[in-house]
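*Asks:* These are the residues of each chain, in order.
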Amino acid sequence: MVDASSLMPSGDGMAIRAVGLTKFYGTTAAPVYALHGVSLEVRRGERVALLGKSGSGKSTLLNLLGGLDRPTTGDLRVAGQDLSRLSGRELAHFRSASVGMIFQSFNLIPSRSALENVELPMVFAGQPPSQRRAHARRALEAVGLGPRLHHRPAQLSGGESQRVAIARALVNHPDILLADEPTGNLDSVTAGEVIALIRDHVRNYQTTLILVTHDEELAGACTDRVLRLKDGELLL
Amino acid sequence: MRVTDILGLPLAALWQQKSRTLMTTLGVVFGSFVLAASLSIGQGIQDTIERESRRGDFLRKIAVSPRWRVAASDLSPEELQVSGEMTDAKRERIRQAIIHHKERFGSSKQHVALTQEKLRELASLEHVENVVPVVWKSGYAIYDQQSQYTAMGSARPEDAACRQRLLAGRFFDSPQESTAVVSELLLYRWGLTDDASVQKVLGKKLRVELRSQWQKSGFILLLNKPNGQETTLEETAAVERVKGQLPTSLEKFDLTPIQLEVLRKNLPTEPPSTAADSLVAEEFTIVGVVREPTDDERSQRHDMLWVETDVILPFQTALNFSFRLPGEGEQGVNQAVVIVDREQHVKEVLQRVKDSGLEGYAFLEFIDQQRLMYLLIFAGMTCVATVALLVAALGIANTMLMSVLERTREIGIMKAVGASNAQLLFIFLVEGAVIGLVGGGLGLLLAWASSYPGDAWVRSMVTRDLKIELKEALFVFPFWLTLTVLLFAVLVTTLAALYPARRAASVDPVAALRHE
Chain A
210 MVDASSLMPS
220 GDGMAIRAVG
230 LTKFYGTTAA
240 PVYALHGVSL
250 EVRRGERVAL
260 LGKSGSGKST
270 LLNLLGGLDR
280 PTTGDLRVAG
290 QDLSRLSGRE
300 LAHFRSASVG
310 MIFQSFNLIP
320 SRSALENVEL
330 PMVFAGQPPS
340 QRRAHARRAL
350 EAVGLGPRLH
360 HRPAQLSGGE
370 SQRVAIARAL
380 VNHPDILLAD
390 EPTGNLDSVT
400 AGEVIALIRD
410 HVRNYQTTLI
420 LVTHDEELAG
430 ACTDRVLRLK
440 DGELLL
Chain B
8 MRVTDILGLP
18 LAALWQQKSR
28 TLMTTLGVVF
38 GSFVLAASLS
48 IGQGIQDTIE
58 RESRRGDFLR
68 KIAVSPRWRV
78 AASDLSPEEL
88 QVSGEMTDAK
98 RERIRQAIIH
108 HKERFGSSKQ
118 HVALTQEKLR
128 ELASLEHVEN
138 VVPVVWKSGY
148 AIYDQQSQYT
158 AMGSARPEDA
168 ACRQRLLAGR
178 FFDSPQESTA
188 VVSELLLYRW
198 GLTDDASVQK
208 VLGKKLRVEL
218 RSQWQKSGFI
228 LLLNKPNGQE
238 TTLEETAAVE
248 RVKGQLPTSL
258 EKFDLTPIQL
268 EVLRKNLPTE
278 PPSTAADSLV
288 AEEFTIVGVV
298 REPTDDERSQ
308 RHDMLWVETD
318 VILPFQTALN
328 FSFRLPGEGE
338 QGVNQAVVIV
348 DREQHVKEVL
358 QRVKDSGLEG
368 YAFLEFIDQQ
378 RLMYLLIFAG
388 MTCVATVALL
398 VAALGIANTM
408 LMSVLERTRE
418 IGIMKAVGAS
428 NAQLLFIFLV
438 EGAVIGLVGG
448 GLGLLLAWAS
458 SYPGDAWVRS
468 MVTRDLKIEL
478 KEALFVFPFW
488 LTLTVLLFAV
498 LVTTLAALYP
508 ARRAASVDPV
518 AALRHE
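Top line first, the protein sequences correspond to chains A and B. Just so you know, we're using my numbering here: the first sequence kicks off at 210 and counts up by one. Just so you know, we're using my numbering here: the second sequence kicks off at 8 and counts up by one.
Some clues are possibly wrong.
Claimed, not checked - Some, not all, of what chain A presents toward chain B, calculated at C-beta under 8 Å:
hint	residue
1	His302
2	Val332
3	Phe333
4	His382
Simulated from the structure, these hints should not be mistaken for lab results. Glycine included, each C-beta is placed from N, C-alpha and C at the ideal position.
Please model the complete structure; the sequences and the hints are all you need to start from.
*Replies:* Rendered as structure tokens:
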């Protein structure tokens, strides 16, 4: 566990700085802790793997880092922004502009084509249609889905769907990429392709990567550092 | 978020659920259709009433007549005395019934008569433009030794309905000129059957004889001819002579002394009037000939100054002439029409007329009652339509709540990629508004399309039952109506979408992304 007092104040070079993050569910009288006093720092461009068993708090931490949830207590700065102080609107903008999220279950909107799914973050950011369409097309071509632009998720394989999700996460060139077991639903060959895509992008664009996985080998192969979570606490 | 996306995302979501959207929209279509149709015909009928009633000037007219009521003060204490053992309530009921009986069976008297003086008093009221006495008398019209029993009526010189029926000559220039306009039927009855004779009568003299039936007491004698034939001038003169001689000839009848006594008791004490006493005659120059009114023109009979007599005199001339009959001056005319300068002053003048002890009736009151009646009917219809729309709105709320539930994961994804609560709220509100706009628009279109057969049907009923040919449509769609229906539909459906939209906006993205 990182000693909170040893953390530097908000400074250059840090993509993520969390101090004493706690997240519990239920009531204050009978809390169920998902995270307990987690502190960590991640440098810009660093690739970090979060390892832990199911229920260890990996996804909860990722949701906090992605601005999908707020910590019960603790300070959290991501991409230079104090998330605990952001309003709902600012947090939405943060999710749209600063982070990209990849999920195990892809989380694509079934009624929309690959192109439209990738366009979505730019829709809420208010980008002009022609511009965002071009960006989405390029992002999909970059993940090898140029010929599948107008296919719906149901018409795509698992690997293709995850590539669409990666394109959507990267289309705005976020500072931080948060990947929650991105290969969990894929076969080993496809998983290798997906990881290669993520690794290449992160390397090319110096994007900070937080990769949540069960896979020790994967964690070691494509990240700079491995952090382990157990029962909501970060192991040193 | 751009405007195209604000519309595009909700439209895409609605398109995704075509059947559900269609069914929901149909509810709004039905509600809007009923609302538009009821507002349309409501406004159309109000407009028609206004338009039809503003033809001519009869909305500015007040019909005034003497009051014939009997008050308790008109009866003697003996007449009002109710004897016997009874409750106070019954005593009061009997007392009122006695007054009512007197009113119905002969003892009533005019409190205020429409005499010359009273007519002048009415004319001096503020906002009164003119007072036209309505004179209608039956008598004999004599031309070139030919006499016909007919009716004489009075008219204003500016009477447009009479003027448009002129066949030859002119109408009156002033209300007191000594002229007459006669009908072509009267000419025919005089034996002037050729077309050329119409011109020949112009400038000739017409003698009109009126006989008074008014008397304080005495006999009333009428000659009832077989087959309902009219009494000739000679026969009437003969009957008058008999009537004049009757009081002095009672002994010649087979009567008991008691019968003789009771008859004499009720006969006037002054010498019996002669036929000449009860007759007035005057000569007028015929200046015009009018045709019979057409059926369409007869539909204007509700005008208080409608004249359809064979002899028409200028109203002041007719009044002066009729007032020469014994008792007529004191009794006054049975009706006069007060013409008010502006419609908005009618009620004020009407109140003053009533305050002066006369009976008054303004057509405007009838129109107001009609307006109120139709207003209530169409307000009721509008309420039903509103309820229909509200029911449709409940359907929308329910459908959209289901939609929010089904799209929970989609909402979570949108939030994860940067959608704010406000944007999601807006997307769902726009979905509701789009249903309202499309449903409202289609409802309006349906109402407009149905108005054509509906208008034809109502029009045929009006023509058949009321004999009125309506020239304008009964269903109207003014701009305000279109706008109101659309806005109301959009407002109702948007409000219906508010709760589901708030639910959507408040979805927890973490939970939503786990939602299956």
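*Asks:* Mind checking the CB of A:Phe333 against every CB in chain B and telling me if the closest is under 8 Å?
*Replies:* Because about 4 Å separates A:Phe333 from the closest Cβ in chain B, which is inside the 8 Å limit, the hint holds.
*Asks:* Classify the hint on A:Val332 as holds or violated, based on whether any CB of chain B lies nearer than 8 Å to its CB.
*Replies:* 5 Å, holds
*Asks:* Hold the hint about A:His302 up to the distance rule: shortest CB distance to chain B must be less than 8 Å.
*Replies:* Holds - the Cβ of A:His302 comes within 8 Å of chain B, reaching about 7 Å at its closest.
*Asks:* Does A:His382 pass the interface hint, meaning its C-beta sits closer than 8 Å to a C-beta of chain B?
*Replies:* 14 Å, violated
Going through the hint list in order, the structure does not satisfy hint 4, though it satisfies all others.
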